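Residue numbers (numbering that gives the first Met the number 0), protein chains in the order written: chain A, 0 to 292; chain B, 0 to 253.
Don't read these hints as lab results, they were simulated from the structure. Being a predicted model, the structure only gives us computed values, none of them experimental. Glycine residues also receive a C-beta, built at the ideal position from the N, C-alpha and C atoms. Just to be clear, a hint being listed does not mean it is correct.
What the hints assert, rightly or not - Under 10 Å between C-beta atoms, here's a sample of chain B residues computed to sit facing chain A: (1) Arg-5; (2) Asp-25; (3) Gln-29; (4) Leu-37; (5) Thr-39; (6) Asn-44; (7) Arg-49; (8) Ile-51; (9) Phe-91; (10) His-125; (11) Ala-155; (12) Val-159; (13) Phe-171; (14) Leu-214; (15) Tyr-250; (16) Gly-252.
Stated by the list, open to error - Quick list of simulated restraints, FRET-style, between CB atoms: (17) B:Ser-22 / A:Leu-260: 18 to 26 Å; (18) A:Ile-276 / B:Arg-55: 51 to 59 Å; (19) A:Arg-105 / B:Asp-79: 17 to 25 Å; (20) A:Lys-78 / B:Pro-199: 46 to 54 Å; (21) A:Arg-105 / B:Arg-32: 38 to 46 Å; (22) A:Thr-79 / B:Thr-76: 22 to 30 Å; (23) B:Thr-120 / A:Gly-125: 41 to 49 Å; (24) A:Val-151 / B:Gln-115: 45 to 53 Å; (25) A:Thr-79 / B:Gln-29: 35 to 43 Å.
Claimed, not checked - With a straight-line Cα cutoff of 30 Å, these simulated DSS-like cross-link-like pairs (lysine-lysine) come out: (26) B:Lys-168 / A:Lys-193; (27) B:Lys-136 / A:Lys-112; (28) B:Lys-172 / B:Lys-136.
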Amino acid sequence: MITNPGPASTASATEVTSPRRPWRTFRHPLPIRIMHWVNAAVILIMLGSGFQIFNAHPALYWGERSDPDRALFEMKAIKTEVGQLRGVTIVLGRAFETTGILGASRNSAGELKARGFPLWVILPSGQWLAMGRRWHFFFAWLFVLNGVVFAVYSVMTKHFSKDLMPRWREFLVSGRALIRRVMGQTLERPTIEKYSPVQKLFYFGVVFVCGPLVVFTGLAMSPWLDAAFPWLPSFFGGHQSARTIHFLTASAMAVFTAIHLFMVVATGFARNLHSMISGWYYVSKVNRYYGKD
Amino acid sequence: MEKIDRRRFLVRLVNALSAVSVSGCDALSQSERFVQLLETAEGVNRRTHRAITPSRAMAREYDESEISAVFPTNGTTFPDDPVYRELAANGFVDWRLQVGGLVRRPESLSLAEIRQLPARTQITRHDCVEGWSAIAKWTGVPLSVLLDRVQPLPEARYVVFRCADPMNKTSFKYYESIDFEDALHPQTILAYELNDQPLPIQNGAPIRLRVERQLGYKSAKYIMRIELVDDLTPIGSGRGGYWEDQGYEWYAGI
Chain A
0 MITNPGPAST
10 ASATEVTSPR
20 RPWRTFRHPL
30 PIRIMHWVNA
40 AVILIMLGSG
50 FQIFNAHPAL
60 YWGERSDPDR
70 ALFEMKAIKT
80 EVGQLRGVTI
90 VLGRAFETTG
100 ILGASRNSAG
110 ELKARGFPLW
120 VILPSGQWLA
130 MGRRWHFFFA
140 WLFVLNGVVF
150 AVYSVMTKHF
160 SKDLMPRWRE
170 FLVSGRALIR
180 RVMGQTLERP
190 TIEKYSPVQK
200 LFYFGVVFVC
210 GPLVVFTGLA
220 MSPWLDAAFP
230 WLPSFFGGHQ
240 SARTIHFLTA
250 SAMAVFTAIH
260 LFMVVATGFA
270 RNLHSMISGW
280 YYVSKVNRYY
290 GKD
Chain B
0 MEKIDRRRFL
10 VRLVNALSAV
20 SVSGCDALSQ
30 SERFVQLLET
40 AEGVNRRTHR
50 AITPSRAMAR
60 EYDESEISAV
70 FPTNGTTFPD
80 DPVYRELAAN
90 GFVDWRLQVG
100 GLVRRPESLS
110 LAEIRQLPAR
120 TQITRHDCVE
130 GWSAIAKWTG
140 VPLSVLLDRV
150 QPLPEARYVV
160 FRCADPMNKT
170 SFKYYESIDF
180 EDALHPQTIL
190 AYELNDQPLP
200 IQNGAPIRLR
210 VERQLGYKSA
220 KYIMRIELVD
230 DLTPIGSGRG
240 GYWEDQGYEW
250 YAGI
């Protein structure tokens, strides 16, 4: 999960004590690597099948009901006067043309069809709600199981308290470092062993905030569980609110995944990939002495 | 130059990976074995839900002010069936609900007779499998009242609802089934009124089922016959309902 913060990120709180960097460093123990790759596959499946399910009614609301005239978000297709199909996305009453991506997109034959999310992000890659639900509700168990094992493991091994829990002090320290850097007083370098405070914030947020939120809003959408635990949908503001929060949280996780992938590539794709497969992060010659004062 | 190569390599890698995963997932969706594996989650979900829920847990009931302005119509809106259309033209005075199968005393009830039975009114939320929700007031006879009259035999396990609407994708008409956990639940009713008015045709006249703790497709419309059975496999394609035969879950509590 770690990515090299790179020279562009702000300095870490950890002071560099050793004048020389080791040429390789052990980053990811086996259980973390397994859970990372399980999670990677499960998240992609959950996003794809989730978009598939969403396409059956591509609109969001607040409260218990889905009153058609009160959608907060909506993707739809409209026909122009000359009979052309246009994809339109309406966000809080403002309409945007999104032909080709949202509302209307091309099928494998190249024809524009009315469809919320395009075929290339939905699983399976055709309109098939029943199959999307099958995938979603099977892999939801794996998602929860993997997440719970990760939470327990990281608390027990102190991965959570040492590496993931963001602390105010770090933001203060890195804030000060940033100011010092801007003032030209000192040039502090990031370290490769620790997450930067920004990374911590992102990882903590996606694992310990988005994770539980997406699970509980998912459970809140079940009519059966609504009967068993009426406080669950009420807590989120109603059935349709829970659906909206579920969608927004999943979208946030998709954005996180995109940023994560970008950072993996931007900070040395091969080394990062290698470290999540073997556990060892190899420091290049340039980087080996990078932390030297 | 090196940068361009790297970029090209990454783009190709992403394209290849997504092509492999998309076609892989599509192939898996067609594989009988894999789909059977996915379907195991349905049983796990049903058993888990039932284990943590008291069997009398009630679906939330709402205030009159929360009723949807318009209750959406979905699926069949006017069954394309000559017998049904004739009954509808007559205001359903000739319609009779047949209750039979594994029961001691099969019955045949007219709409007027059903309206004489003890009634329950509930304002509940209808969640469609598609994702929309609407709130409405339903009045009808609890299914448990009807089952008491016909006296199910001990081997009866499911209550099957046979409907009037022919469906495009099969030669069968719409049907649904529930087990006794839902059949005996106080909110499971055969509704003949929607928002204090006789049930409109587009919402399932003369009677429709309400199964409030499951998705909308369980709440069958245009009911003609109720059958108690011990096995669902001989009916339709054998999965317990029209939508179930199309791959949807029989347990629609999610």
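Problem - Arg-5 (chain B) as chain A interface residue, shortest Cβ-Cβ below 10 Å - result: Holds, about 8 Å.
Handout entry: Cut-off 10 Å, beta-carbon criterion: hint that Arg-49 (chain B) touches chain A
Key = Where the cut-off is 10 Å and the nearest Cβ of chain A is about 8 Å from Arg-49 (chain B), the hint holds.
Exercise for the section: Can you let me know if the beta-carbon spacing of Thr-120 (chain B) and Gly-125 (chain A) is within 41 to 49 Å? Expected result: Holds, at about 42 Å.
Problem - Outcome of range test on Cβ distance (Arg-105 (chain A), Arg-32 (chain B); 38 to 46 Å) - result: violated (32 Å)
Handout entry: Status of the Leu-37 (chain B) interface restraint (C-beta, 10 Å, chain A)
Key = holds (4 Å)
Problem - Hint consistency between Lys-172 (chain B) and Lys-136 (chain B) [alpha-carbon to alpha-carbon, up to 30 Å] - result: The hint holds at about 27 Å.
Problem - Hint check: 10 Å Cβ-Cβ cutoff, Tyr-250 (chain B) to chain A - result: Given a least distance of 8 Å, the restraint on Tyr-250 (chain B) holds.
Exercise for the section: So, Ala-155 (chain B) near chain A? Judge it on the closest CB pair being under 10 Å. Expected result: Cβ of Ala-155 (chain B) sits 23 Å from chain A, so the hint is violated.
Practice task
Confirm or reject the claim that Ile-276 (chain A) and Arg-55 (chain B) have a C-beta distance inside 51 to 59 Å.
Solution key: holds (52 Å)
Exercise for the section: Please test the hint of 22 to 30 Å on the beta carbon pair from Thr-79 (chain A) and Thr-76 (chain B). Expected result: Roughly 29 Å apart at Cβ, these two residues keep to the hinted range, so it holds.
Handout entry: 18 to 26 Å as the expected CB spacing between Leu-260 (chain A) and Ser-22 (chain B), which holds or is violated
Key = holds (21 Å)
Exercise for the section: Note whether the CB distance of Val-151 (chain A) and Gln-115 (chain B) lies within 45 to 53 Å or breaks it. Expected result: violated (59 Å)
Figure legend: structure checked against the earlier numbered hints; hints not met, in rising order: 9, 11, 12, 13, 19, 20, 21, 24, 26, 27.
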